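Engineer: So the chains spell out like this:
Number of protein chains: 4
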Amino acid sequence: MRIGVIGPGTPDAGSGDEQLAERVGELLARRGATLVCGGLGGVMAAACRGAQRAGGTTVGLLPGLDTDGANPYLTVALPTGLGELRNGLVVNASEAVICVGGSWGTLSEMALALRTGTPCVGLACWAVDTLGSEQERTVHRAESPEDAVDAALTAASAAR
Amino acid sequence: MRIGVIGPGTPDAGSGDEQLAERVGELLARRGATLVCGGLGGVMAAACRGAQRAGGTTVGLLPGLDTDGANPYLTVALPTGLGELRNGLVVNASEAVICVGGSWGTLSEMALALRTGTPCVGLACWAVDTLGSEQERTVHRAESPEDAVDAALTAASAAR
Amino acid sequence: MRIGVIGPGTPDAGSGDEQLAERVGELLARRGATLVCGGLGGVMAAACRGAQRAGGTTVGLLPGLDTDGANPYLTVALPTGLGELRNGLVVNASEAVICVGGSWGTLSEMALALRTGTPCVGLACWAVDTLGSEQERTVHRAESPEDAVDAALTAASAAR
Amino acid sequence: MRIGVIGPGTPDAGSGDEQLAERVGELLARRGATLVCGGLGGVMAAACRGAQRAGGTTVGLLPGLDTDGANPYLTVALPTGLGELRNGLVVNASEAVICVGGSWGTLSEMALALRTGTPCVGLACWAVDTLGSEQERTVHRAESPEDAVDAALTAASAAR
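As given, the protein sequences belong to chains L, X, G and Y, one line each in that order.
Quick note: the first sequence uses our numbering, first residue 22, plus one each step.
Quick note: the second sequence uses our numbering, first residue 22, plus one each step.
Quick note: the third sequence uses our numbering, first residue 22, plus one each step.
Quick note: the fourth sequence uses our numbering, first residue 22, plus one each step.
It should be emphasised that the hints constitute simulated quantities derived from the structure, not laboratory data.
Keep in mind that this is a model prediction, so the values were computed, not measured.
Incorrect hints may appear among the rest.
The following residues of chain X were derived to be distant from chain Y, with all beta-carbon distances above 12 Å [what the hints assert, rightly or not]:
1) M22
2) G62
3) D171
Chain L regions said to be covered by chain X (calculated; three or more residues, Cβ under 8 Å) [what the hints assert, rightly or not]:
4) 109-119
5) 133-144
Heads up, the beta-carbon is just placed ideally off N, CA and C, and yes, glycines get one too.
The shape of chain L in the complex, shown without the other chains (with noise of 0.2 Å):
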């Protein structure tokens, strides 16, 4: 199975985005899923290193022609030279994402997900928030990040 982390780069000091994001890369190793995320730091740092301290492979994405910013728990770190493009790479190559946090970038990916059907879990992401009642049935609100892994694991068994 493989699951996206999205979230900010550089999330606001005091957010906890971060401590969130480590221990749902611990859990979705531990629960036997493949982290997938654009290779750079904060969200998806620390959502790396939850991940491979618990053994789990990570992947990630890079913008740029090489591994310059990557962060250093990536089992397979990828160069595309996609720019901001390769956001939508890294939603093309899940079967579930979950949002961390917010930011443009995370919102974008966001809404591309639920353009294409792949399934939304957002935790701490005042995105959720905006995107109105009639989408909750794509759009999981989770409530820590064990429920987090949970719907996402959840979500993309039934859609295999």
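For chain L, the structure is supplied; the task is to place chains X, G and Y on it using the hints.
Structural biologist: The following block gives chains X, G and Y in isolation, referenced to the frame of chain L:
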């Protein structure tokens, strides 16, 4: 000047989105701007129809490998084979974007525009209302097609 | 009809590639075809110059996020942000491609065209000579700009 | 170190390409390199099989939006939705590429590698023979899987 027009391919009946889009297209053409869009129906077709009637140039970046579904008002219909990732190309190719109405694809492109610093104007676009006050500098909430086109061309000129 | 013109951005001095490309562009415009290319200099610029002089439409799919390096003969200059991967877009967007002269980028696009079944015509193109006799059905070795344009339009019509 | 392995998905019977590719994969894994490929059958599957048996990591960048056709020897199978354009991603993601056997896709990727300056090694690859003497500095014509892997790792190290 290349201005992207973004909006749903199948807008809600009675939304008035297509009338607004057609007027936006017409005004862009009169101001000499090239209209860039996803090339399909709904808001995209309406904007192209308005632009073409006013003698403007319209470009459609299509998702598939052929021109299936392309609207008949395109000066240039370009199959990309990129699927939904071609939304990002519309943003990359445009100097400013005008969003008419709302949909997940629209929100995705709007969020990507904000991420990449492309000026972004919203007209009858619920997504603008959800983006929060701190984004007021980047998202212009337009009151009319005239206002939207003015704002987009002004912002694109300033960014040159 | 959309015809791609592919060739080196900096052809060898004295190769005559630019004269051939300019004539190809002119003929494509006279036949009502839209010229699609990578938008930069050399063969691309020469072809666009010929097409524009004959009143044709020219599209440049540029590698960067702005129009730096774009030739001045483009009806539509579209930044893609895809770098060298935008070569593949030129092939996807075209109903047939004409290769003038030779370079690695040219060979890459020609090989991609062969792979995807896009009709491919070579003019003064060493690459054609290297492709082997079993490819004669897909690569047309043109003797002149007239022959190249004829062959491309005929093949594109047949593939519709 | 990320090394791309490129070759036909359906090699000619009796070509021996798959035996060569399997040995290349095995040697890459033993040297600690991550194998990147297009993720499908033929040469790609054989290389991954060899790498996986030796405990290596294999990445498949698949053309579609799901894992249909993915070979069973992938550590990470990543749908891209880019179709044939994902060939360019294999090149962008790799520090050097080894081409085994020959096909249009192979030639396309080899030409793209030459264009972008990615070191390129050919093994039993007709395309190398066609590239001309002036390219000898960039294309290494390997005599054996051992030679190919040595050359690719040496070139990738030098390029870091």
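Engineer: Against chain Y, does G62 of chain X hold up as non-interface, every C-beta pair farther apart than 12 Å?
Structural biologist: 22 Å, holds
Engineer: Is the nearest Cβ of chain Y still more than 12 Å from the Cβ of D171 of chain X?
Structural biologist: Fine: 37 Å to the nearest Cβ keeps D171 of chain X off the interface.
Engineer: Using a Cβ cutoff of 8 Å, are there at least 3 residues of the segment 133-144 of chain L near chain X, or does the coverage claim fail?
Structural biologist: holds (count 4)
Engineer: Per the coverage rule (Cβ-Cβ under 8 Å, at least three residues), is the segment 109-119 of chain L covered by chain X?
Structural biologist: Since 3 is at least three, the answer is holds.
Engineer: Taking the shortest Cβ-to-Cβ distance between M22 of chain X and chain Y, state whether it exceeds 12 Å.
Structural biologist: At roughly 28 Å from the nearest Cβ of chain Y, M22 of chain X sits farther out than 12 Å, so the non-interface label holds.
Consistency note: the structure conflicts with none of the earlier hints.
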